[in-house]
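So you can see what is in the structure, the chains are spelled out below.
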Amino acid sequence: MRGDADAMTTTQPRRSRRTEILENRPVNLDGFVEEWPEKGLVAMDSDYDPAPSVRVENGRIVELDGTTRDQFDFMDTFIADHAIDVASAERANAIPSEEIARMLIDTHVSRNEVLAVTRGLTPAKILDVVELMNVVEIMQGMQKMRARRTPANQGHSTSARDNPIQVAADAAEGAMRGFAELETTLGVVRYAPLVAIALQVGAQVGRGGVLTQCALEEATELELGMRGITAYAETISVYGTEPVFVDGDDTPWSKAFLASAYASRGIKMRFTSGTGSEVQMGNAEGKSMLYLEIRCILMAKGAGVQGLQNGSISCIGVPGAVPGGIRAVAAENLVASMVDLECASGNDQSFSHSAMRRTARLMPQLLPGTDFVCSGYSGVPNADNMFAGSNFDTEDYDDWNTIQRDLQVDGGLRHVREAEILQVRNKAARALQALFSHLDLPPITDEEVEAATYADSSNDYPLRDVLADLKGAQAVMDRGITGLDLVRGLEATGFHDVAENLLAVLRQRVSGDLLQTSAVLTAELTPLSAINDPNDYQGPGTGYRLQGERWEQLKKLRHVTSATDPETEVG
Amino acid sequence: MGTPTTSPAPERTVRLRELGPARRGSRPDEVVIAVSPAFADFFTKTIVDVPHAEVLRQLLAGIEEQGVTARIVRVRDTADLAAIAHTAAQLSGSGIAVGVLARGTTMIHQKDLPRLSNLELFPQSPLLDAQVFRRIGSNAAQYAKGESPEPVPTRNDQMARPRWQAKAALLHLKEVECIEAGRDPVEVEPAFELSRAG
Amino acid sequence: MSLSPTIELRTEDYPLSVNRPDLLATPTGKPITALTMEAVVSGELSPDDLRIAPETLLLQAQLAEAAGRPQLAANFRRAAEMTAIPDAEVLAMYNALRPRKSSGPQLAELADRLENAYSAPECAALVREAAEVYARRNLLARPPAADHSATDA
Amino acid sequence: MPDRARLVVGVDIGNSTTEACLAAVAPDRTVSYLGTDLTRTTGVKGTPDNTDGVLTAVRGALRRAGRAAAELDAVLLNEATPVISGLAMETITETIITESTMIGHNPATPGGQGLGVGTTVSLTELDEIDPGPPVVCVVPHGWDFEDIASTVNAAVGRGVDVVAAVLAGDDAVLVANRLTRPVPVVDEVAAVEKVPLGMLAAVEVAAAGYTIRTLSNTYGLATVFGLDPDQTRHVSPVARALTGNRSAVVVRTPSGDVTDRRIPVGTLELRGSGKTLRVDLATGAEEIMDAVARAQPLEDAHGEPGTHVGGMLAQVRDTMADVVGQDGEEAGSPVEIAINDVLAVDTFVPAEVRGGLAGEMHLENAVALAAMVSTSRSRMRSVAERVAEELGVATLIGGVEGKMAVRGALTTPGVDRPVAVLDLGGGSTDAAELDREGRDTAVHVAGAGELVTKLIDSELALDDREVAENIKRSPLAKVESFFHVRHEDGTVQFFDEPLPSHVFARVVTLAPEGPTPIPTRHGLDHVRQIRREAKRRVFVVNAVRALRQVAAGGNLRTLDFVVLLGGSALDFEIPEMIADALAGYGIVCGTGNVLGTEGPRNAVASGLVAAHAAAAP
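Protein chains in written order, with my numbering: chain R, 1333 to 1903; chain X, 47 to 244; chain H, 1007 to 1159; chain Y, -12 to 604.
Calculated directly from the structure, the hints in this document are not laboratory data. Note that the structure is a prediction, hence the values are computed from the model and not measured. Watch out, some of these pointers could steer you wrong.
Listed below are several chain X residues computed to face chain Y (Cβ distance under 10 Å; list not exhaustive) [unchecked claim]: (1) Ala107; (2) Leu159; (3) Ser163; (4) Pro197; (5) Thr200; (6) Asp203; (7) Glu239.
In silico SDA-like links for lysine to any residue, alpha-carbon gap of 25 Å or less [claimed, not checked]: (8) H:Lys1107 <-> X:Leu162; (9) R:Lys1803 <-> Y:Gly501; (10) R:Lys1803 <-> Y:Pro499; (11) Y:Lys465 <-> X:Gly113; (12) H:Lys1036 <-> R:Thr1814; (13) X:Lys191 <-> Y:Gln100; (14) R:Lys1888 <-> R:Gly1875; (15) R:Lys1887 <-> R:Gln1765; (16) H:Lys1107 <-> R:Lys1803; (17) X:Lys213 <-> R:Asp1377; (18) H:Lys1107 <-> R:Thr1814; (19) X:Lys91 <-> R:Val1365; (20) Y:Lys262 <-> Y:Pro292; (21) X:Lys220 <-> X:Pro169; (22) X:Lys191 <-> Y:His474; (23) X:Lys213 <-> R:Ala1855; (24) Y:Lys181 <-> Y:Thr111; (25) R:Lys1803 <-> Y:Asn2; (26) Y:Lys181 <-> Y:Leu264; (27) X:Lys191 <-> Y:Leu511; (28) X:Lys191 <-> Y:Asn2; (29) Y:Lys465 <-> X:Arg161; (30) X:Lys220 <-> R:Ser1378; (31) H:Lys1107 <-> H:Asn1144; (32) X:Lys191 <-> X:Ala227; (33) X:Lys191 <-> X:Arg161; (34) X:Lys191 <-> Y:Ala61; (35) H:Lys1107 <-> R:Ile1735; (36) Y:Lys181 <-> Y:Pro121.
Which stretches of chain R does chain X cover? Using the computed rule of at least three CB atoms under 8 Å from a CB of chain X, they are [claimed, not checked]: (37) 1565 to 1579; (38) 1651 to 1663; (39) 1880 to 1889.
Backbone N, C-alpha and C fix where the C-beta goes; we use that ideal spot for every residue, glycine too.
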């Protein structure tokens, strides 16, 4: 009873002052667990992963990593029949793993020469190769194996209130800061059409050619894409064991079919997977997280999808808590790249309480560069991030820019002066205001435009009439509004340049150029992919170099003291 | 706020004594609570150290406060929350059941619903405290009475992932180990005991 | 599909929208150069003009093949076949391929429909392959489960 | 006189839809209707943006009739009188409890039953007091129910006369079940620390399904506390406030009180028919509407600046300025907007009682105001010019909407002059009348569908306009299992497929898309009563009010036929509510069926054609 409470305050052993200080460091709010390899709670280097093997009979793989065809589960079957190059499989797998690992970092071996080997490798063999590599070697491998020569970044633009004006303004700012792709999702799913339109308009105001997507359940996501309101899709999840794949209500064949469905509508698409999802769902079948992720990567490759978003993604807390977990995450990004897939490399979910750990987790992707360093840097404050928070958000913009400048690496972003940002935010809000009015969607007031210009978070905006917005969103679907209507509306309301940008994006659906591996649209509205911008890194002085005009851009920060007149700042 | 909250009250422990095979209830005013294989067995507290004794006591209290009776069963052959809660709903005279896993994840189910559906789900085990369990019990009882309770507000915390995601996975794996395949659910009786905490 | 392109593309032809616009047309037969702002404003263009043509997908398949990506090329060839299938049916077919959604005969019927109604042999092959694996892995639709009335005394 | 039939199309630009009616007018002026069409209005009604919608509707009607645009002789547009309305609501009473004298919040599950009268003592001091006069135990936050019960039982065991308990948490049943001597227990008293200790208090709990008898009766209170007549007069508000509760606590303190206070909200100033009338808003809707009637026709209305009424009307004016100004060119400043009609409705708002200990809610009186302005009419000219240019056809602006509507309504089978129409819209209710001689009059009055939604929203404390709108539009049902619902009329409907889990055990609206749950603890009957009452107070009141303004001499008995038009004429119960109210005046009333096929739609477009034919040279 209550009287006993006093008796409870027994003397505690005296604690070190230093321990107390360390105890209070943010990193100690993170969770860490011991490995349990028998159950798959292990990042990589597990004794329970299969040993590599492959046997081909009559042009068909009949044994894969110690399992014979009659024992194949559907992942084995799909990978054996679609992902692995049968002609080279036995030869490639016979090469010692050390040799393949060294090829990955050997500057005398070209990317294509590596691909000639990796296309025949089995999952266990690939695992065996990357297990030989430390994190610096993984980065070296990534530097060479990334599909597109020029690295890029992807941003999130969402709103805790699903406010379309906020999404448009933050998309515009994000596009101007450098994101090549922008992604949104919803709190209230029915808001999707309005928010997807806002994202598209904002993106094209910020920088013509930025690609946008709205993460939803498959049918709606595909429909928005088919209508040309969004430009690509990404949240098509695949898993590394059969039971978890089936729990997700899909199979490799259904996903492969879906991949072709997207391509048939001219829409760029990538799959999503990541270490930790299988053990998280309790069905890792005793395999390491990295082994299962390699199966996902090869499944994606076999489906013929051009790319993959991986790097643990929403399960980052799992590899993040076990020894070597972040090395495994770096390795999974490398594996996606070394089997020639576009890699949007994670760094997109709240990962740690510790700023230092958050940054360290980024280095294996930022330093070598990937196709998209973050597959979702939060272009809104994390409180507004409807993907449950990212590893980096708007508060980190200046830190990010400084790190790029310190290390002379291109993470896809740049510092932009406030005046320019205010200008594009304002224009995005006005363009959306004009477009909504033209399409008879719920009005946007001048007060909202003003708020959007100067706002940080959703709290800085006047509240919307949610009911009217939801009716408007429904009207977009009912009236069959398409990307073409958006172009027409923007043109009619005097936003000619924005209309032209959007039309250019839509035109690319007809050309199919964005369907090729690692494709983005440049500021000149030209497709840039692994075909016309292939990664040609082969040692110092080759490949993508941060120099020239781009380096001058990245030298700019918010506060840099002028050398000519130290009493002023440049920039 | 005024009064101080109870400082570490004497901690209660619970043992679940098996009474025999779980049977289908006939009282329309009962809620069945179904616990997972490792609940109050291999494990004694949830992922955030809420003692299982307290979880059960609060669920029972929430049900009793509404004037509804409760029975407790243990499901042995699965650690899947939907399966546990759905099994219990089939045993419940009212058709309403509460399923709870050792780590604290909880669900209210109804017998006519498909297994993968539910009335209310509380997926974020780190955010469930004694008060939430009380409200879950209370809501389950209100469903049993045909009333329409306000759903218990679900909480969210973006930083739960870095802190708890891996531990939750570990606890789940442990719970799976405690599964006894092929064993039918058993009716259990809780025996609460006071003990000194710490 | 009898769309065997006579053009031999090389990776240098990419991007087609820049280097070979002459090869690109909409499914409605308009050249890609006709997709101008004037055409949008005058109402000449319909959403159908902004879809990709099967011929274009086959050209992109050639490029993917030339770039050493046979799986991507195969995906584009399936996609070329799918351009003829209405949106709603594409989604319905996708749903039919989900685990335990279709029986063996239903999948066989789906494959036949792809082959016969839409001249989509590659897609049909994918479905047949799925049917075989699903049968082996117990992922075909189960006979209707005992319904709830059984539990409802 | 032309020697061939002329092909004309009437077009009605409404707030949300644009409707067209194509007809051939023979030389003898007989009209043959050929086809209709309906499309979404483009832009704000009455602005040049409407042109696109007009063209779509005209082309649609032509296509349906198989005619070409080149054959058209004239397009007839309505003289749109954009009526814009605004809403505001203000609470005019508040209940205040002083000195924490009363707890009347009706927790869902009190414990025990009966009446206990004693001195309030904190549970923390229970083990220190000696046996003696009866005590009411007050339990602070943080106590576990088992500890409460054992503490009370221990005290009772020592001979302390614990007669009742008041708890902070939701533990009353749990505690009562564990007491050796049962007493009434009231729980969920959030601010339990404010309950005065050492005072005489009474706790009463009734059996389930019953309400308290003693504390809700003034003389019961007088008996319990031994009050003299003067003091008794003083406590009567307390008794009234507790009426209908299952449980209650009353503490007797030196000057504790419950007051029901009128909030000074200011006066409404109405200008019209050469006079200026002032009416205190707090007097309620009846007085206000009386004043409005005396100031007809109303020229403008103002609220005393600095008062709530001033704020309310300013708010209405601001909304309207926004809408009027939406087109950019016509940006109306709030001052220029003259209010032409006001509808006041008495309503209530569930509000938290000031000084309450347990978050007690009380239904406070409130007044809702709908106000309406008519705006500029000039811009239809430019719509007409554009339509004429696009189609190459003479485009004429026809008569006033209401007057056209009444002609369209005449095409409803079974209707004859004198006829009146009621157009039940979203912001305003419009009436027009056509007498035997062909003279017509038309009026607009403030208040329609949107006000109904607002009343439902606030009276059910939903704070969700979408839910309120659902309640307005669809009948209710209670989901009794996954396989059946009980409709509001008591009938039961069964389903083969289980209903979605989120509607289980809930009161739902049966919208066409499926059942939607209402987030409320109120029962179906209560929700239904509020819905019907809101519709009655707006639509029935406005129907009578508007018809009086168009009926000869304000006498409803001069009307024979009333035809209901507009979106709300499709409502599942409003038409019958209005018909019932008008039946007493010998009026035939029903929902229109324009041209015998269009239902309550297309009246204005058809009327334009009819009027044109009648006036043709």
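Structure-based check of all given hints:
1. Here the hint on Ala107 (chain X) is kept, as its CB sits about 5 Å from the closest CB of chain Y, short of 10 Å.
2. With a cut of 10 Å, the hint placing Leu159 (chain X) at the interface with chain Y holds, because the nearest CB-to-CB distance is about 6 Å.
3. Taking 10 Å as the C-beta contact cut-off toward chain Y, the hint placing Ser163 (chain X) at the interface holds, the least distance being around 5 Å.
4. Satisfaction of the interface hint for Pro197 (chain X) is found here, the shortest Cβ-Cβ separation to chain Y being roughly 9 Å, below the 10 Å cut-off.
5. Hint on Thr200 (chain X) is violated. Least Cβ distance to chain Y is approximately 13 Å, over the 10 Å limit.
6. With a cut of 10 Å, the hint placing Asp203 (chain X) at the interface with chain Y is violated, because the nearest CB-to-CB distance is about 24 Å.
7. Residue-level restraint check for Glu239 (chain X) is violated (minimum Cβ-Cβ distance to chain Y is 13 Å; threshold 10 Å).
8. Taken as a hint, the Lys1107 (chain H) and Leu162 (chain X) pair is honoured in the structure, with Cα atoms around 16 Å apart against an allowance of 25 Å.
9. At most 25 Å may separate the alpha-carbon atoms for a hinted pair to count; Lys1803 (chain R) and Gly501 (chain Y) meet this at roughly 17 Å.
10. Using a Cα cut-off of 25 Å, the hinted pair Lys1803 (chain R) and Pro499 (chain Y) holds, with the two alpha carbons roughly 16 Å apart.
11. A distance of roughly 22 Å separates the Cα atoms of Lys465 (chain Y) and Gly113 (chain X); the hinted pair therefore holds under the 25 Å criterion.
12. Using a Cα cut-off of 25 Å, the hinted pair Lys1036 (chain H) and Thr1814 (chain R) holds, with the two alpha carbons roughly 19 Å apart.
13. Only pairs whose Cα atoms come within 25 Å are accepted, and Lys191 (chain X) paired with Gln100 (chain Y) is accepted, the gap being roughly 21 Å.
14. Using a Cα cut-off of 25 Å, the hinted pair Lys1888 (chain R) and Gly1875 (chain R) holds, with the two alpha carbons roughly 24 Å apart.
15. As the CA atoms of Lys1887 (chain R) and Gln1765 (chain R) are separated by approximately 35 Å, the hinted pair breaks the 25 Å bound.
16. Between Lys1107 (chain H) and Lys1803 (chain R) the CA atoms are separated by roughly 34 Å; this puts the pair beyond 25 Å, and the hint is violated.
17. A hinted pair counts as satisfied when its Cα atoms are at most 25 Å apart, and Lys213 (chain X) with Asp1377 (chain R) qualifies at roughly 21 Å.
18. Distance hint between Lys1107 (chain H) and Thr1814 (chain R) is unfulfilled; the C-alpha atoms sit about 32 Å from each other, more than 25 Å.
19. Among the hinted pairs, Lys91 (chain X) with Val1365 (chain R) is consistent with the structure: their alpha-carbon atoms are about 17 Å apart, no more than 25 Å.
20. With a C-alpha separation of about 20 Å, the suggested pairing of Lys262 (chain Y) with Pro292 (chain Y) holds against the 25 Å cut-off.
21. For the hint pairing Lys220 (chain X) with Pro169 (chain X), the CA-to-CA distance comes to about 18 Å; that is within 25 Å, so the pair holds.
22. Of the supplied pair hints, the one linking Lys191 (chain X) and His474 (chain Y) holds, its CA atoms being roughly 19 Å apart against a limit of 25 Å.
23. A distance of roughly 45 Å separates the Cα atoms of Lys213 (chain X) and Ala1855 (chain R); the hinted pair therefore is violated under the 25 Å criterion.
24. For the hint linking Lys181 (chain Y) to Thr111 (chain Y), the alpha-carbon distance of about 15 Å falls within 25 Å, and the restraint holds.
25. Using a Cα cut-off of 25 Å, the hinted pair Lys1803 (chain R) and Asn2 (chain Y) holds, with the two alpha carbons roughly 15 Å apart.
26. Distance hint between Lys181 (chain Y) and Leu264 (chain Y) is unfulfilled; the C-alpha atoms sit about 47 Å from each other, more than 25 Å.
27. As the CA atoms of Lys191 (chain X) and Leu511 (chain Y) are separated by approximately 16 Å, the hinted pair is consistent with the 25 Å bound.
28. At roughly 47 Å between alpha-carbon atoms, Lys191 (chain X) and Asn2 (chain Y) are farther apart than 25 Å, so this suggested pair is violated.
29. Distance restraint check for Lys465 (chain Y) and Arg161 (chain X): the Cα-Cα separation of roughly 24 Å lies within the 25 Å cut-off, and the hinted pair is therefore satisfied.
30. Our distance criterion of 25 Å between C-alpha atoms is met by Lys220 (chain X) and Ser1378 (chain R), whose separation comes to about 19 Å.
31. For the hint pairing Lys1107 (chain H) with Asn1144 (chain H), the CA-to-CA distance comes to about 12 Å; that is within 25 Å, so the pair holds.
32. Using a Cα cut-off of 25 Å, the hinted pair Lys191 (chain X) and Ala227 (chain X) is violated, with the two alpha carbons roughly 34 Å apart.
33. At most 25 Å may separate the alpha-carbon atoms for a hinted pair to count; Lys191 (chain X) and Arg161 (chain X) meet this at roughly 22 Å.
34. At roughly 67 Å between alpha-carbon atoms, Lys191 (chain X) and Ala61 (chain Y) are farther apart than 25 Å, so this suggested pair is violated.
35. Between Lys1107 (chain H) and Ile1735 (chain R), the direct Cα distance comes to roughly 51 Å. Violation of the 25 Å bound is thereby established for this hinted pair.
36. Among the hinted pairs, Lys181 (chain Y) with Pro121 (chain Y) is consistent with the structure: their alpha-carbon atoms are about 21 Å apart, no more than 25 Å.
37. Remark: the stretch 1565 to 1579 of chain R is not confirmed as covered by chain X, as 0 of its residues place a Cβ nearer than 8 Å to a Cβ of that chain, below the required three.
38. Taking a C-beta to C-beta cut-off of 8 Å, the stretch 1651 to 1663 of chain R contributes 3 residues in contact with chain X, enough for the three needed, and the coverage statement holds.
39. Coverage of the stretch 1880 to 1889 of chain R by chain X is violated in this model, with 0 residues showing a Cβ closer than 8 Å to a Cβ of that chain against a need of three.
Violation of the numbered hints given earlier is confined to hints 5, 6, 7, 15, 16, 18, 23, 26, 28, 32, 34, 35, 37 and 39; the remaining hints are satisfied by the structure.
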